[in-house]
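Participant: Chain B: place on chain A using the hints.
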Amino acid sequence: MKSFLKSKGFREFLRIALALFIGLGLGFIITLFVSEDPINAYKSFLLGPLSRLNRIGDWLEESLTLILLGLTICIVFNASQWYIGVEGQMILGAMAAGIVSLYVPLPPAPRILLAFLAAMIVGALWGLIPALLKAYYNANELVTSLMLNTIALKLFEYVLKNFIMNEKSRSVSSESIGKEFRLGTFIPDLPFLHNIRELWIKQTSVTVMVYVVIAAVIVVYYLLYKTPFGYELRMVGINGKFARYGGINVNRAVIMSIMVSGIFAGLAGVHITLAIHNKLISNMTSGLGFEGINIAILASNNPLGVPIAGLLYGYLRAGSDVMERSSDVSRELVFVIQAMVLLLVTAERLLPVVRTRIAENQDSDNRNNGSKNAKQLKEEGESHVA
Amino acid sequence: MQPIIEMKEIVKVYDNGVVANNGVNFTVNKGEIHALVGENGAGKSTLMKILYGIEQPTEGEIIVDGKSVTFKSSLDAIDHKIGMVHQNFMLVPSFTVASNVVLGGEPLKKGLIDRERVLEVTKELSDQFGLFVQPDAIVDSINVGQRQRVEILKTLYRKAEILILDEPTAVLTPQETQDLFKAIRTLVQQGKTVIFITHKLREVKEISDRVTVMRHGKMIGTVDTKDVTREQMANMMVGREVFLNITKPEMHRAEKRMEIKDISFLSETGRPVLREVSFNLYAGEILGIAGVEGNGQTELVEVLTGLKKSAGGRVIVKDEDILDHSPRDIRLKGIAHIPEDRLTNGVAIRASIEENLIVDRYFRAPYKKGVMLDYKLVDTKSKELIKQFSILTPNGKLPVGSLSGGNMQKVIVAREFSSDPYVLIASQPTRGIDVGATEFIREELVRIRTKGCAILLVSADLGEVMSLSDRIVTLYEGKITGVFPKAAEVSEEELGLYMLGIKHQTPEEMEKFL
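Taken in order, these protein sequences are the chains called A and B.
Quick note on numbering: the first sequence equals residues 1 to 386 in full-length UniProt numbering.
Quick note on numbering: the second sequence equals residues 1 to 514 in full-length UniProt numbering.
Next up, chain A with everything else stripped away, as it sits in the complex:
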């Protein structure tokens, strides 16, 4: 028991729980100031997402997108590439999936499969541009990927308006994707599940994407920690000079890390197209791509932490939706609360109570992206093995 209380996982949990608690506490104080009915407003924020089945559905749907985006960022951050082009990869992935679903004359199953494939490939290829620029011209990937986001978004709007837009529709969007070409519900059609299944289909659109996401988490975990590719990627992330000295082709690892991450951004694109919107519509990513960064940071860049972080973050977002709709507190304020929680969680040093020693944080199963002074570490280490 004692060793459990001292274990790193438990401490990390405690730390995040405490950060969350304080963040929410501060949020409540703010709500006190701005709301006529603070208790109910805050209740709708905290419990709202669970209050109705359709809200639970909304929460889970958004979380799935967030988890995929978190995985995307998790991969590139493990390689210490400060790449933030997920938004662009996601929107083009969505476009690819949408075009296949709308126009390719194939029966449902192969068409959906092709939509997945197209989105994943497009996501990866879009990542190739900044990756090549970084690897061969040392162009800062932060800048190029940010620029390419804008290009991707505008490209999407252009294609949408000029080639896809449904004339009769009032909004800038394509026609709806045929029901049989969308993703089905995640609950299998078994006799004893029949009623639940009907209920969920009626009220939510949580799809088989659930399973895709679970698989994606496992794949990313194995990819990063159990394959030679993941090894290369992480060594490049920890110390590029060491990687080069050891014979790793650093350029290739950088390019591959960004491309592979694009596959998961592409999947996020599939999800928003074939599960959430069921059509291509203007502004369909709504800046979600950047939330992936928050998820990855919350999860300390550990793929196994990403689903938890994604669900948590998704919950905060869903709660903010409910709060906005059912109280006098504005959505912007909820963003403030969200930001505060994130700030507290990421600021490890802010909570001395559960602060763990640097050396302990270095455990091999948890590589965060902090750049620690090598000498300092060495000295820490010296005392370790004294």
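Errors might be hidden in some of the hints.
Claimed, not checked - Simulated crosslink set (EDC-like; lysine to aspartate or glutamate; CA at most 16 Å straight-line): (1) B:318 to B:255; (2) A:226 to B:374; (3) B:308 to B:324; (4) B:479 to B:492; (5) A:226 to B:379; (6) B:205 to B:224; (7) A:241 to B:341; (8) B:226 to B:32; (9) B:159 to B:79.
Don't read these hints as lab results, they were simulated from the structure.
Facilitator: Quick look at chain B alone, frame taken from chain A:
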């Protein structure tokens, strides 16, 4: 002589249960130069961090100037006139020397920094203690020796009476070391007390009045330096006899393994750093490169291992020119490399020991199994290596950064030696590590040489080059100035003349021995 610092029964147990100091008693007298020696991981750094307030002791008492004190942070230590110069300097590179000296305690005039006074103060301090610096120079532009003086001045500006110098000579050239020693003597003459942490027993003999030896978190003893020999000190440090002189089995030189022909290298600014360097490496022989640091040794090694692109030449291994091939290609030819700077190239500090041990082999069988990396095998193999190379660690899953310098170097050595190299290029293989690890690595070098490996040894430690090498080449300003086919028969003085470019052999003289 009255004690200025007394540390009594200091115990330091880290949160994770590691006992770094175990009942250490440490006394420093006023006005002395006190050397603190011990292997890496012996607990010296921890003890000094406690004295400087960076770490808090689990048990024990610290008495400064007769008064019992508790330091919550280094600010408390500074208040008690204790100053510390860390091994890696903590200066603002874009500021001037003077600004760095007064940083955090700038003299003010009308609430603003009094720039003239800043320069004056620095000049005064510099003159008073014979620590020559140029107050208005930007730190970025001055050399390591000067930066160290700035660090010392920083502590003096904060009125330090007791100076802790953490391995101050590790980064210095022999000339700079002598300057530092001169400065230390001046400090002591003016009433300061100096605690000097080091591995180098020669320096202990040269500079210190008394010496305290630590081993495995305990204090072994404090003695007057003049009463002990280097061998006795080494013995106290490792608790057994250390042979500073290496006994080597007779050399059996065999076939040529690497032919280096007319290698040149230009620096980024176009300055020639290597000028048509040629020599051969043979199986069963250690070829040592002797030279004052900065004469092209670093570049030579980096070109040979593919880390830098040459400006011409050839390197023939197994009938193939491998010059300017990728590090991977060169490694696949069987060339192993112990890098000069272990923290930069040699290890990935946050990666586990295991993962550091496989960087040259993870991508091929048996480690690569299908698309997966066989971590079970990695675990088994690294356990073997940890045992075989006596790497001091609870297990291989810990980050390599948790190891002491000597053990970290052993990880590198374990990796490079276990690849069964065709040629080994060892650059500064024992720099900055403790006596025990040094001895171990030197023995290993000799062992694989006797087994038939071809070794190129580059070291700033002339004693190391002379005692390990079978053949020695001197390098001066990127050119080979001499070759000595029988390393045992050449004197230090003679080598020195070639290393400093005072004497040269003609190409004809050298030809048949290269």
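Participant: Does each hint hold? Answer for all of them.
Facilitator: So, going through the hints one by one against the coordinates:
1. B:318 to B:255: Distance of about 11 Å is within 16 Å: holds.
2. A:226 to B:374: holds (7 Å)
3. B:308 to B:324: Distance of about 7 Å is within 16 Å: holds.
4. B:479 to B:492: violated (19 Å)
5. A:226 to B:379: With a Cα-Cα distance of about 13 Å, the restraint between residue 226 (chain A) and residue 379 (chain B) holds, given a limit of 16 Å.
6. B:205 to B:224: holds (10 Å)
7. A:241 to B:341: holds (11 Å)
8. B:226 to B:32: holds (13 Å)
9. B:159 to B:79: holds (9 Å)
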